[in-house]
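Residue numbers (numbering that gives the first Met the number 0), protein chains in the order written: chain Y, 0 to 331; chain L, 0 to 236.
Hints were generated in silico from the structure; no laboratory data involved. A hint or two may mislead.
Just a few of them, taken from the derived set where beta-carbon distance is under 8 Å, the chain Y residues facing chain L [said to hold, decoys possible]:
{"#": "1", "residue": "Arg2"}
{"#": "2", "residue": "Ile204"}
{"#": "3", "residue": "Ile205"}
{"#": "4", "residue": "Glu211"}
Heads up, the beta-carbon is just placed ideally off N, CA and C, and yes, glycines get one too.
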Amino acid sequence: MTRTRNTYLLIVGLTAALLVFSFLTSAGDLGSFGTTVLSGLFLGALYFLVASGLSIVFGLMDILNFAQGAYFMIGAYVTFALFHSNMFQGIDANLRFPLGVIVATGVGALFGVILERVLLRPLYARPVFQLVLTFGVAIVFGEALKAIWGTEAYSWNPNTSFGIHQSQFEIFGRQFGTYRLVVIAVGALLIVLIGLLLQRTRIGIIIRAGVEDSEMVSALGINVRAVFTMVFTLGCAVAAFGGAIAAPFLGANLGMGNAFLLPGIAVVVLGGLGSYTGTAIGSFLVGLAVAVVAKFSAEFLNQTVWSSMTPMLLLILILLLRPSGLFGKESR
Amino acid sequence: MTDRNNVLEVQAIHTFIGQFHILEGVSVAVPKGSITVLLGRNGAGKTTTLRSIMGLTPPSQGSILLDGQSLVGRRPYTIAQMGVGYVPEHRAIFKELSVRENLVIAQRQRGDLERRTEFIFELFPDLERFYHLPGGNLSGGQQQMLAIARALVPDNRLLLIDEPSEGLAPVIIEHLIAAIRKLAAQATVLLVEQNFRVASLLADRYVIIDDGQSVATGAMQDLRHDEALVHKYLGVA
Chain Y
0 MTRTRNTYLL IVGLTAALLV FSFLTSAGDL GSFGTTVLSG LFLGALYFLV ASGLSIVFGL
60 MDILNFAQGA YFMIGAYVTF ALFHSNMFQG IDANLRFPLG VIVATGVGAL FGVILERVLL
120 RPLYARPVFQ LVLTFGVAIV FGEALKAIWG TEAYSWNPNT SFGIHQSQFE IFGRQFGTYR
180 LVVIAVGALL IVLIGLLLQR TRIGIIIRAG VEDSEMVSAL GINVRAVFTM VFTLGCAVAA
240 FGGAIAAPFL GANLGMGNAF LLPGIAVVVL GGLGSYTGTA IGSFLVGLAV AVVAKFSAEF
300 LNQTVWSSMT PMLLLILILL LRPSGLFGKE SR
Chain L
0 MTDRNNVLEV QAIHTFIGQF HILEGVSVAV PKGSITVLLG RNGAGKTTTL RSIMGLTPPS
60 QGSILLDGQS LVGRRPYTIA QMGVGYVPEH RAIFKELSVR ENLVIAQRQR GDLERRTEFI
120 FELFPDLERF YHLPGGNLSG GQQQMLAIAR ALVPDNRLLL IDEPSEGLAP VIIEHLIAAI
180 RKLAAQATVL LVEQNFRVAS LLADRYVIID DGQSVATGAM QDLRHDEALV HKYLGVA
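Working from the sequences, and respecting the hints, build out all of it.
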C-alpha cells in the first residue's frame, strides 16, 4: 500500500518537476508552455502505441520484440504510400486517410501473425534466439522498406492533406495542429479500450493469468499458443496503427522505427516489466520529458541530441529510485 | 488389456526431463469413482507422473488411456478439455486475479461457474467471503481450496491433485479431507500425498512409486496393515 502510494508520489513529483521546468524555461510564454505540454502528450500517445504491444507480449510470452519499431515504420510507410498513390487520388482525402490507416494496421497484423507463427513459435524454448530473431527481422523490414521506397525521408504536405490535418487551433497565441490533438485522444481511447479488454473480458483474464503462469492456463483447457498468436498480432497491429496515425505529422523515414522503439523499451522497463498501468503512465511521462527537453535544448543549447537521450536518462533515474520500475514486481 | 471400470490407465510410461530419466516404467490404474493415491518418497516421480498424464512433461514411451482414449501426444489444453482437472503442487493459483477471476478462467463453457458455484461455496465457504479479493491475499489453506475449486468448475471426470495437504495447518487439512471426500462423489480422483495419515484417510487404492517405477499397488486398507511395505518404501510405520 505504502509502496503504491510512493510510486504515485514519484510520478506526480516527476511530472510536476517537468512542468515547472518547462514553465520556467518558457519565460512566461504560456503559448510555448502549452504547446510543449501538448507535444509531450502527442509523443506519449505514440510511445504508448509502440510500448503497449511490447509490454503485453513481454509479460505473456517473455519475448522482447525488437521488431516493434519496424511495425510502427511499416504502418507509416503504407499509409503514406496509399494516401499519396496516384491510383487512389480519386477517393476523397478524408476517406483515403482512414482507409490507409486500416490497411496499414491490417498489414501490421498480417506480418505479426507471420512472425509469431512461422519464425518465433519454433523458438519458444530458446528466448535468446527469439531476441536475436526479432532484431534480425527489424533489420530485414528496414532493408525491405529501403528497397521499395528508397532512402528518402517522405514528408506529408498539410496543404494537400485531409481536412482535420489542415486545421490548427490557438493556445495562448500559439498555433497547434488539431490533428495532433486527435492523436492524443486516440491514444487515450486505446489506453481505456485495451485496459477494458484486459480487465473486463474473459480473454483479458486469460492474458493476465498467462502473464503469471502460462503453463497453468494451458492445464485449465485453454490453447495458450493461440492466445500468444492473438496477443502478438494485436501488439504488432497497434504499433502499425501508431505509425499510420503518426505519418501525417512525422512522414515516413527509415529512422522512425528506432526513434520509437528505444523510447518504447524505456517505457516498458521504467513502467515495470509486464505492467499495463506502468506502460500507460510511463508513455506519457517519457513523452512529456522528451518534449520538455527537446524544446529546452533547441532553444538554449541549439542542439537536439538531448531529447533522444531523455528516455534512457529517465529510465536510469527511475531504476535508481525503483529498481523494478514504477509498477514492477519486486521479485521479477 | 484395458479394464472398462478404469477411468485412467497408465501403462509403463517413461518420462525424461531434459537429459534425466525420471520415470522408468510407471503403471497406474484408477477405477471409476475411486480415490487412488500415489505414494513414495521425495523425488520418487509422483509429481512427474501427474504432469505426464496432464501432458506437461509428455512421456516418451508407454501409454495413457482416459476411458480408452489415448492421451499421449496431446497438448495439455486438449487433455484438460477431455475432462481432466489438475491441481498442481504449490497450487499455482493466479495471485493477481481475484478469486472470481480464478474460477471464471476455468470455465470451459459459458454457465459452468454458475452451475457449480453453490457446490463450490458449500465445500469452501471462505471462497464466497473473499470472492472479489486477489488470490494472492488468501492464506495458504484458502489458496489450496481455490486451486481445488478451480478444477471443479467444469465437468471433469478425473481430478489430479498434487500434495493438497502440503504446508497446511492440521485444522485446514481436516477441512480439505472432508472436501475431497465430498467431491469424490462427483469425480474420480488421483492424488499425490506425502502425508500417510491423510492418504490413508482418503484413498481407496494406492500405487507406490519408488525411484521412477511403480513397485506396489492394491487396496488402501491392505496397505494400512502391511507395515513392512510401508516401512520399506515410505519410511513410516
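Against the structure, the hints:
Hint on arginine 2(Y) is violated. Least Cβ distance to chain L is approximately 14 Å, over the 8 Å limit. Among the interface hints, the one on isoleucine 204(Y) holds; its C-beta lies about 5 Å from the nearest C-beta in chain L, closer than the 8 Å criterion. This hint holds: isoleucine 205(Y) has a C-beta 6 Å from the nearest C-beta of chain L, less than the 8 Å allowed. For glutamate 211(Y), the interface hint holds, since its Cβ comes within 8 Å of a Cβ in chain L; the closest pair sits about 5 Å apart.
Violated hints amount to a single one, hint 1; each of the other numbered hints is respected by the structure.
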